[in-house]
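This is what each chain is made of:
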Amino acid sequence: MDRLAYGLAALVGLAATALGGYGLAGGVGAIRLAWLVPLGGLELTLDPLGGFFLALIGFTAMPASIYAMGSSPGERRDRFAYLVFVLSMCLVPLAANTMTFAITWELMSLASYFLVLHDRESKASIHAGWVYAVMTHAGLACLLAGMLLLGAWTGSPRFEDWRAAAPALSGTARNAAFALLALGFAGKAGVIPLHVWLPLAHPAAPSHVSALMSGVMIKLGVYGLLRVSLDWLGVGPAWWGVAILVAGAASSVIGVLYALVEHDLKRLLAFHSIENIGIILLGLGSAVLYHGAGLSAPALLGLAAALYHTINHAAFKALLFLGAGAVVHATATRNMEEMGGLIKRMPWTAACFLVGSAAIAALPPLNGFVSEWLTFVVLFQSRHLDAVGLNLVFILGIASLALTGGLAMACFVKAFGITFLALPRSDAAARAHEAPVTMRLAMVALAAACVALGLGPTLVIPALGAVAASVLGTAPPATVGDWLTLRVSGGYASLSTLAIAVALAVSLLVPLVALPLVRASRRTRDYETWGCGRIVQTARMEYTATAFAYPFKRVFDFFYRPTKHLDIEFHPESRFFVERIEYENPARSIFDDWLYRPALDVLRAGARAARTLQSGSANLYLAYILAALLLMLVLA
Amino acid sequence: MIADVAAAVVQVLVVGLGAPLLVGALRTLKARLVGRRGPRLWQPYADLRKLLGKEVVVSTTTSWVFRATPYVLVATMLVTALIVPVTVARPPLAFAGNIILLVYLFMLGTFFLALAGLDAGSAFGGMGSSREVAIAALAEPTVIVAVFALALRADTIDLGRVVERFGREPWLAANPAHLLAFAAFFIVMLAETGRLPVDNPATHLELTMIHEAMVLEYSGRYLALVEWAGAMKLFLFMALLANLFVPWGLTGAVGPGPMLVGLLALAGKLAVLVCAVAVLETTVAKLRLFRVPELLAGSFALAFLSLMAVILVR
Amino acid sequence: MFRQLRTALRVGIVTEPVARGEIERIGTRLASEIARLFGRSLAIRQVDAGSCNGCELEIAGLTGPHYDLERFGVHFVASPRHADCLLVTGPVTRNMAEALRRTWQATPDPKFVVAVGDCGRDGGIFRGSYAVVGGVADVVPVDAVIPGCPPSPAALLGGLLEAIGRPR
Chain A
1 MDRLAYGLAA
11 LVGLAATALG
21 GYGLAGGVGA
31 IRLAWLVPLG
41 GLELTLDPLG
51 GFFLALIGFT
61 AMPASIYAMG
71 SSPGERRDRF
81 AYLVFVLSMC
91 LVPLAANTMT
101 FAITWELMSL
111 ASYFLVLHDR
121 ESKASIHAGW
131 VYAVMTHAGL
141 ACLLAGMLLL
151 GAWTGSPRFE
161 DWRAAAPALS
171 GTARNAAFAL
181 LALGFAGKAG
191 VIPLHVWLPL
201 AHPAAPSHVS
211 ALMSGVMIKL
221 GVYGLLRVSL
231 DWLGVGPAWW
241 GVAILVAGAA
251 SSVIGVLYAL
261 VEHDLKRLLA
271 FHSIENIGII
281 LLGLGSAVLY
291 HGAGLSAPAL
301 LGLAAALYHT
311 INHAAFKALL
321 FLGAGAVVHA
331 TATRNMEEMG
341 GLIKRMPWTA
351 ACFLVGSAAI
361 AALPPLNGFV
371 SEWLTFVVLF
381 QSRHLDAVGL
391 NLVFILGIAS
401 LALTGGLAMA
411 CFVKAFGITF
421 LALPRSDAAA
431 RAHEAPVTMR
441 LAMVALAAAC
451 VALGLGPTLV
461 IPALGAVAAS
471 VLGTAPPATV
481 GDWLTLRVSG
491 GYASLSTLAI
501 AVALAVSLLV
511 PLVALPLVRA
521 SRRTRDYETW
531 GCGRIVQTAR
541 MEYTATAFAY
551 PFKRVFDFFY
561 RPTKHLDIEF
571 HPESRFFVER
581 IEYENPARSI
591 FDDWLYRPAL
601 DVLRAGARAA
611 RTLQSGSANL
621 YLAYILAALL
631 LMLVLA
Chain B
1 MIADVAAAVV
11 QVLVVGLGAP
21 LLVGALRTLK
31 ARLVGRRGPR
41 LWQPYADLRK
51 LLGKEVVVST
61 TTSWVFRATP
71 YVLVATMLVT
81 ALIVPVTVAR
91 PPLAFAGNII
101 LLVYLFMLGT
111 FFLALAGLDA
121 GSAFGGMGSS
131 REVAIAALAE
141 PTVIVAVFAL
151 ALRADTIDLG
161 RVVERFGREP
171 WLAANPAHLL
181 AFAAFFIVML
191 AETGRLPVDN
201 PATHLELTMI
211 HEAMVLEYSG
221 RYLALVEWAG
231 AMKLFLFMAL
241 LANLFVPWGL
251 TGAVGPGPML
261 VGLLALAGKL
271 AVLVCAVAVL
281 ETTVAKLRLF
291 RVPELLAGSF
301 ALAFLSLMAV
311 ILVR
Chain C
1 MFRQLRTALR
11 VGIVTEPVAR
21 GEIERIGTRL
31 ASEIARLFGR
41 SLAIRQVDAG
51 SCNGCELEIA
61 GLTGPHYDLE
71 RFGVHFVASP
81 RHADCLLVTG
91 PVTRNMAEAL
101 RRTWQATPDP
111 KFVVAVGDCG
121 RDGGIFRGSY
131 AVVGGVADVV
141 PVDAVIPGCP
151 PSPAALLGGL
161 LEAIGRPR
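Residue numbers (this note's numbering), protein chains in the order written: chain A, 1 to 636; chain B, 1 to 314; chain C, 1 to 168.
Don't read these hints as lab results, they were simulated from the structure.
Some clues are possibly wrong.
[As the list claims (entries may be wrong)] Listed below are the simulated SDA-like cross-link pairs for lysine to any residue, each with C-alpha atoms no more than 25 Å apart in a straight line:
#, chain 1, residue 1, chain 2, residue 2
1, A, Lys564, B, Pro293
2, A, Lys553, B, Leu33
3, B, Lys286, B, Ala301
4, A, Lys123, B, Leu287
5, B, Lys30, C, Glu16
6, A, Lys553, B, Leu295
7, A, Lys123, A, Ala330
8, B, Lys30, B, Phe186
9, A, Lys564, B, Arg288
10, A, Lys553, B, Asn200
11, B, Lys286, A, Asp557
12, A, Lys344, B, Ala123
13, B, Lys269, B, Leu33
14, B, Lys269, C, Leu5
15, B, Lys30, C, Asp138
16, B, Lys30, C, Leu9
17, A, Lys564, B, Leu207
18, B, Lys286, A, Ala547
19, B, Lys286, C, Gln105
The structure displayed is predicted, hence computed values, not measured ones.
Assemble the whole structure, with the sequences as input and the hints as a guide.
Structure (structure tokens):
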């Protein structure tokens, strides 16, 4: 009975997927309840883009809810918050005016705040919730400012009216609205440098919530950015697209750089979400720039690439978070340095996590590869642009995406290898048990989705192209190849993941068939790992996560600025014998040091200065009232 | 259809059977350059034959990932062999992929090999994995930017079309953008295939190993598969370098005549490359590990300059 | 860089022809079988079981240009998993006995062991010491011994080739 909330959430997810699919297929609908709330009333509209995001939310909510049914039920508050969270997220893409959007957005933020705070005892959780609440509401302030301003300038709070009235607005007005709205949405999406809440909030929340937050909630920030840059304000100046592209490039590289040096499994995944948002923004920024330059085919492709990566990331990030949740549940720790050998005790979880790792590392023929490939092709289309400055920005994007791809692979070798392979590094890891059936079901479903999305781009891209066309207001793209091969812009590039997958499968069989033919020996013997003849071989001799990340810390030390803590305990009798050495090499966040701490210091100084206004003297307060009265009389 | 299948089989055989010969030629030439007689050209075949007859000793610490990795490596190399233009400009799987797919297919192999290195639970394996993925990650931007430079001039990233397009330009070799991209790609080839100055394939000191450290636990038929996959990777990288930048001898037609011409042209180009790599390996010392990123940054600078040259000339 | 190239091209190949070698066969394995399996390709893992390093210096000379072991298809490897032959030097000291055993176990079959030097045969000048087990054959099964203290590289080369049935 206490799992009813999760069952309901799964059903909501199913309904959302169905409705979203209907919207994707071109169905439209609208609900208007003008009397329910002031300032325009409750208004929900279904269009292809909204339908896409709705289907995305539902498609991710289903496995997450099924997973949650297998985990511990938690308090009533958490279950109720979860249901509200899923419901409000489903309503955000349908919102059609300022008030509806603000209500659903705020409901989503509040529900997730309570979910982040589910462990009310730990200081880390409280800090995480606090930072999350502040960043979310700062973003909301920007959003409200932008939306209310736009409403005032166009005379209506409805998004449809903004679309119609946008060309009439002045350049500065549109730039101001774009800046405010983009800041608000970028904060929700976790774009650098507004990302500080992500690595705190995602690990603190339970895994099914982290899966939804990472897989879906930050995508709603992307949804907002999409609407702002391509839909509500019409075609904008080039700096919009450049800003999005540069933010995407920075997020992708910086996200993965921070992920590389993390030992907390869920924080690592949270940083990877930042990286993938960066990749999505690379596609989106390109689309905005091409749209501004009038190149409709590359713009469609760019938007399709961004949408494809959105859905791919939802699939594999949810899978990875659910897998991490199973691991944390089994070993009672989030620290990778205490795990190991879990592949033998949790084979299903390990296999699903491996599929997720391969997907996020963009290895063919899985889905991460297809959307990254598509993003590369989109970035390469900058050959059609003449401005050298724009070309340089695109080259920055290309180099960033390439670096990200390689570093993501490195990071997931570490994440999967240290967590699952070799020997267990602690007793808890040695005693780990496999996840219950519902958790496994959810993970397998998502893994299957990753494979399906990877092998079926020829089916997915036309649908995404139709959505993109509806947003950009152009005709849908011409046929993109046949069922087997994806062909892009007339012979520029072609890809067939299905053919590659079949070829890989056949090639895997070649050695299996050929080895008996050449009369290879089939004898196998088990023995210990080669340790140079060492007599004692324990898990202490394995490579650690800190050691694995060391080359990266060295190469990028100008970015990490690592500090070293070395704590040596000597034997009480003699300094020649060492009892214990503790070595830590944490990286410092340059954003905390150079951006947030100075900003908070300025804020605190300002608050201290403003405190003098509250002197406590009644005479001074009367003087304030008089001054305000005089001012109003003068201005009126 | 039959011609395509036959072409596929021939291409796979050329790569599969020719790769150990390439490695043998490199070893023998390196030996001759330091005054030794050196092993015979077909020594790697004998090595592989002997390995197939040995038993496999598997560590009790490892899992199915360790046992699956040799097969995954061979599979990725065989699929890559069907995409890289080796004897013909448009190999059978050319429609399925392009240069970007190749980069990520190689990464698939590296991913599994790195996992296998960690799987044994020894410090050497983990060290090799960590270094290998660091170098692979840092080499990637160079490859993609160099590829973009090529794609800008050829107006496509499809390998077959790039080869055909460049084959029509006889004054290609003098183009500075082309030479810069070639230099960048050459350095990346050395890094990815584990040759000096990045990694010494013949070292016995585990602390200096990068690629070898990951395969220390393999034996018998698994080792044979891993070594064969490594030889194929070298062959394919060199073939890519040769055919992409110097596409003489490759035509779009598929048939015994054009394939023979392509094969002979490839043999000539590979001979030149083998000589260049052998001379480089004998005269240049291995770089300290933390100098390798500087080398890769240098190759990135070369690729970037090549790209700038293309953009500014357009 | 070019100076070395010029030297190499000027000096040319300095490899010497090999003299006939001799070994003592203790033989747990037929010579013909070893020759059949490893006649064309042999991987050697050298194990130092407490040696004074005199034999190691001579073995190191084998990979140089004058004796050039590689021309016979023989090469040294780092991991016993890759090896076919264990070349053991030194009287097996008590500290190294277990390590030698584990190295032997880590080597895949078929394999054979060659003990190098008088120390490898029976402890050499250290025979009878409290720290020494005494001869490689007391720890792992040995197939052949190359005597000497230390055996010269030519003797080593000849002995190895005799072991794999390639006298010339």
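Going through the hints against the structure:
1. A/Lys564 <-> B/Pro293: Holds - the C-alpha atoms of B/Pro293 and A/Lys564 are around 22 Å apart, at most 25 Å.
2. A/Lys553 <-> B/Leu33: With a Cα-Cα distance of about 39 Å, the restraint between A/Lys553 and B/Leu33 is violated, given a limit of 25 Å.
3. B/Lys286 <-> B/Ala301: holds, 21 Å
4. A/Lys123 <-> B/Leu287: The given pair, whose Cα atoms are some 47 Å apart, is violated under the 25 Å limit.
5. B/Lys30 <-> C/Glu16: holds, 18 Å
6. A/Lys553 <-> B/Leu295: Distance of about 17 Å is within 25 Å: holds.
7. A/Lys123 <-> A/Ala330: holds, 23 Å
8. B/Lys30 <-> B/Phe186: holds, 18 Å
9. A/Lys564 <-> B/Arg288: holds, 23 Å
10. A/Lys553 <-> B/Asn200: Holds, at roughly 24 Å.
11. B/Lys286 <-> A/Asp557: Holds, at roughly 23 Å.
12. A/Lys344 <-> B/Ala123: holds, 20 Å
13. B/Lys269 <-> B/Leu33: holds, 20 Å
14. B/Lys269 <-> C/Leu5: holds, 22 Å
15. B/Lys30 <-> C/Asp138: Not satisfied, since the Cα-Cα distance of roughly 41 Å exceeds 25 Å.
16. B/Lys30 <-> C/Leu9: holds, 12 Å
17. A/Lys564 <-> B/Leu207: The given pair, whose Cα atoms are some 23 Å apart, holds under the 25 Å limit.
18. B/Lys286 <-> A/Ala547: holds, 23 Å
19. B/Lys286 <-> C/Gln105: Status violated; Cα separation ~33 Å.
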